[in-house]
Amino acid sequence: MLGQTDLWLLSPEIAMTGLALLVVVLDFFVKRKAIISIVSIAGLAVPAACATWIAVTDNRTITGFYGMLRVDNYALFFDFLFILIGAGTVLASYDYVRLYMKNAGEFYALMLFALVGAMLMASTGELITIYIALELTSFPLYVMAGMLRNSVPGDPGSASRSSEAGIKYVLLGAMSSAILLYGMALLYGTTGSTDLGEIARALTSIGKGPDSLVLLLAEVFIFAGFGFKISAVPFHMWAPDIYQGAPTPGTLFFSVASKTAGFAALIRVFVDGGLFSASSFYLWGLIGVAAVLSMTLGNVVAIAQTDIKRMMAYSSIAQAGYILVGFTALAFNPSSASASTNSAMLVFLAVYVISNIGAFAGIIALANATGGERVRDFDGLVRRSPALALGMSLCLLSLAGIPPFAGAISKIFIFITAWQGGGFLPFIVIIALLNSVISLVYYAGVVYRIFVAPPPREDRLRVSPALTAAMTLSVIGILAATVFFQPLLLAGKMGALDLFGFLTLASK
Amino acid sequence: MSWLLTILVFLPTVGALAVMVAPKGAVRWVAAGFTALTFVLSLWSYFGPVFHMGFIGPLNNPSGFGDVAHPAWLDAAPWINIDVGSLHLNIQYRLGADGLSIFMLILNALLSFLAVIGSWNVTLRTREYMALLLILETGVMGVFCAFDLYLFWLLWEVELIPMFLLIAIWGGKRREYAAWKFVIYTIFGSAFMLGGIILTYFSLGNQTGTYSATFDYLAAHHVAGNFAVGGLAISAQLLIFLLLYLGFAIKLPMIPFHTWLPDAHTEAPTAVSVLLAGVLLKMGAYGLIRICIDFAPEGAHQFALPLAVLGAINILYGAGCSLVQSDMKKVIAYSSVSHMGFVILGVAAAVGPGATNMAFKEAALTGAALQMFSHGAITGMLFFCVGVLYDKAHIREIDVFGGLQARMPRLTWIYTFAAMASLGLPGLSGFVAEYLIYTSSYAIYPAQTIVAASAMILTAAYLLWMLKRAFYGPLNPRWSAIPDASWLEMAPLLMLGVVVVFVGVYPGFLLNLLQPSLHNIMQTVGGTVSAVHP
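The listed protein sequences derive, respectively, from chains A and B. Residue 429 in our numbering sits at position 429 of the first sequence, with consecutive numbering throughout. Residue 77 in our numbering sits at position 77 of the second sequence, with consecutive numbering throughout.
Hints are computed from structural coordinates only; laboratory data are not their basis. Built from N, CA and C at the ideal position, the CB exists for glycine as well. Mixed in with the good hints, there may be bad ones.
Derived list of chain A stretches under chain B, where covered just means 3 residues or more per stretch with a C-beta under 8 Å from a C-beta of chain B [said to hold, decoys possible]:
(1) 240-248
(2) 400-408
(3) 445-451
If the Cβ cut is set under 7 Å, some of the chain A residues that face chain B in the computed set are [to be verified]:
(4) Thr204
(5) Ile206
(6) Ser340
(7) Ser343
(8) Leu489
To give an idea of the interface, some chain B residues facing chain A are shown, with a C-beta separation under 7 Å as derived from the structure [what the hints assert, rightly or not]:
(9) Ile82
(10) Glu157
(11) Ala168
(12) Ile169
Bound conformation, chain A alone:
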C-alpha cells in the first residue's frame, strides 16, 4: 500500500515541482522580474529542507512506491548537488535573463522542472521511471537552449544560433533517448523486469551464458544513451554547438545539471542493476576507450577554440572523461571494493559543479559588461575588474586541477582509486595525468590572458551583486572543499556505500 512514507520520500521532488508551478503562476501576475528570481532561489530552501529532513532521520526506509523510488544517501547526495546547481544558476543568470531574455519566469520554471527530473534520475531504481525522469530533464533543456529570441547587442547572430542550438538539441536528444530506450528494452527482454534489483538478481541467475551478446548490446545502448547526457566521446558532437548557441546561463545549466544527472543515473543503472557483474570483458574496454577519447579529444580540441563557451564545452567533455576513468575502474572491478572509486566520482562531480558554476559566472559577468564571449575578450581582465579576474582564475585553475585547490585533490583521488584497480587501469590513469598537463594549456591560457595580455580598454567593469554572489559562493565553495575535504569525502563515501550495499543485498 502506498502511504505517507512514500510521499515523505518524494517530498523534495514534490516541493521542487510546487516551486516550479509557483514560478509559472507568479510570472503571470508579477511585473517585477526580480521577485521571480528571489522566489526561485528562496524557494529552493523547501526541497533542501525536505532532503535534509530525510537525511537526518535514522533507520529510515529508503524505498517507496513499490521500489520505484530509492532515496538512499546516494540519491540525497545528488539532491543537494542539484539544489546547489539551481541556486548557482539563478544567481548567475539573474542579470542575463533580465537584460537579454524577455521571459524570466519561463526560464526559471523550466530550470526547476529540469531539476525535478534530475533529482528523480538520481533517486529511482526502475528503468521506466529513469527514462521518464530523463525526458523530464531533457525537454526543459531543449527549450532553454533555444530561448534567446532577440539577439544580444553586439552579437547579431546570437538569436539564430540559439534557435539552431535548440533544434539540434531536440533532434540529437530524441535520437539518444531512443537508443537508451532500445537498450532498456533489450535489458527487459533478457531479464524480464524493469526493477534494477530484480534485474541484478535475474542476471546473477542467468550468468554469462548465451544471452551475453544481447546483454552486451543492451549495456552499450544504455551507455550510449547516457553518454549523450554526459557528453562523452563519441556522443559529444552536440556539446560544442549547443554550448555556444544557447544563452549563457542555459549553457551553465547544461554543463552541470545534465552531466551530473547523466552520471547519477548511469552509475545507478550499471551498479544497482548488476550490469557490471554480469558483463563480459568488452564492456570495460569500450568504456575505457570512451574515457581516453573523451579526455584526449576534449583537451586537445579545447586548445584551439576561440569562443570561450566552445572551449568550456570541450573542457566539460574532458572532465567527463576523467570521471569515466573512475567508471572504467568500476566496470573492470565491480566488487564492493569499488565503492572507493564510486565515492571518488561523486566527490569529483561535486567539485566540478562548484568550479564550473564559478567559471560560467565569470563568463556571464564579462558578457553582461562587454557583450564579448570570445577567449580574447578576457585580455587584461585583471585591470578592469580584479575581483572577477581572481575568482575566475581560481575556478579555472581548480578545473585544471592545479594544486592546492579542491579540483586537484578530487582529481588525484579519482586517479588513485582507479589506479588501485590494477590491470590496464594504471595506463589509463597515466593517459589521464598527461591529459591534465595538456589541459593546462587552455585553462592557464585564459588565466594568462586575464593577467598578462593588455586590456582592450582601460575602463572598470561593473559586476552585478547577483553575479558577485554566485562567484563568491563558488570561490568559498572551492576553498571550503579544499580545507574541509574530509566531510565531502565522507558524504561521497556514504552515498557510494549505499549503492554498493544495495548491490550486496540484491545478490543474496
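Start from chain A and add chain B according to the hints.
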C-alpha cells in the same frame, strides 16, 4: 601544535591580501613589512630552540634541531583520512622543521624580503607584483616545511602560477616563451612526481598494512621488492626514485632538463631571478636530499653512478656554456646549472658504493646541503648586481661595457666580491661547500670528481673574464655618465655579502644545524648500503 610554521607559511598569503587592498602609496611598505615580519619569525625558528635549550645547547648537542622523526618544530593536524572499500587515504596537514628545513626557511624569508627591497623601483602594476611575490613565498615556505608527502606535492605546485605570471608580465622581450616553457617543464616533472608519490604510498601501505605519507613514517619504512613494468622486473625503489627524481631534476635543473632555466632567468625581472636561483632551484635539491635518498635509499644507491656522472656533466657543461655567453644574465644562469651540479655530485657520493667510508659520505651530503644555501646567497648577489647594472644601462651584453669601475666603484667592488664567492674563494661560503664535496666525493667517485674539479678552471675563467670585459680596462665613453649603485640598491647586496662571509668564516653555525638531520639520513642510507654490500 606550535603554530609557528603555519604562521610562517600563511603570513605571506595574508600579506598578499593586504597588498591587494592597501592604499596605492603603501603597497611597497606593506609588502616589505610582511616579508620582514616573516623573516623575523623564521629567525625565531632558529633562535627559539636555542634559547629553549640554553644558548650553547643545540650547537653542541647532536640532536639539537632534531631530524625528520623528531623535528624541532611540528604543526600537525588530521586533514583527509578515509577508508572506503580497499582504499585507505590518509593525508595529514603536517608541517615540520628540523635543521635541514630551518636554514632553507630562513634563506627563503631573507631572499623574499630582499626581493621586495630590490623591487622598490618596479612601477608596472606594483600591487599585483608584490602580491605575487608574497604568494610565491608562501609556496616555497610550504615546500620546505611540509612533512607529509601529499601535502608536499600540493604545496610544491603553489609557486607555479605566481612564477608564471611574474615572468610573463614583468619579464624581458621573450617573456611569454620563457614563462610557458617554465610551466610546461615544471608540470611535466610534477606529474611524474605525483606518480612516484602514489606508488610509494600504496606499495608501502600494502606491504606494512599502515597507510601513511608522513615523512617520519616514510623515512623509517621502505618499499621492498620489484615491480613488473611491461614484462621487465625493476626494483621498486629504483622506479620510485626515478619518478620522484624526475620532478626534482627538472627543478634543480639537471642536464638534459635544464633548458628552461636560462630562458626563465634571462627573461625574469631581477628580483624574480634572485628568487628563482636562490630558493626555487633549492626546492629540487631539497627534495633530492629530503625525499629521494631518504625514502628510496636503495633506489638512490642503484642510481648513484649515473647520478655522479650526470652531476659531473652538469658542472662541466654549465661552466662551458657560461664561458661562451655574451649576455651577462645568461652567464650567471648557466653558472647556476654548473653549481647545482655540485649538489647532484655530493648526493651521488653520499649514496655511492662502499660501506666503510661513511664519514666521507656524510661530509659529501653536508657539502651538498651547504651548497644549496651558499649558492642561494651568492647567485642572489650576482643577479642583484646584474639587475642594478641593467636598470642603469638597459643592456646586458658584456662586450658593450668596459672600464665601468671608473664610474661605478661600489658596484664593481660588490660584483667582484660576489664573483669571487661564486668561484670558490677560501673564506667565503662557496669554498666551504665545494671543498666538502670535492674532498669527500673523491673518496667515492674519483674520476667524476676530477672531471668536475677541472671545471673550477672554467668557473674562474668565465667569471674573471666577464669582470675584466665589463668593469676593467679603459672606460667605454658611452658610459661616461652612468651613475653608481644607490645605497638602496646596495642594501640587499651588502646583507647577502655579510651572510656569505659569515658562513665562509664560521660554517659551523650551519653545519651544526644540519648535522642531526643529515646524520639521520645517512644512517638510513648506510644501512641500505651495508645490506647491499655486506
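The hints, checked one at a time:
no.	hint	result
1	240-248	violated (count 0)
2	400-408	holds (count 4)
3	445-451	holds (count 3)
4	Thr204	violated, 20 Å
5	Ile206	violated, 26 Å
6	Ser340	holds, 4 Å
7	Ser343	holds, 5 Å
8	Leu489	holds, 5 Å
9	Ile82	holds, 5 Å
10	Glu157	holds, 4 Å
11	Ala168	holds, 5 Å
12	Ile169	holds, 5 Å
In the structure shown, a violation is registered for the earlier hints numbered 1, 4, 5, in ascending order.
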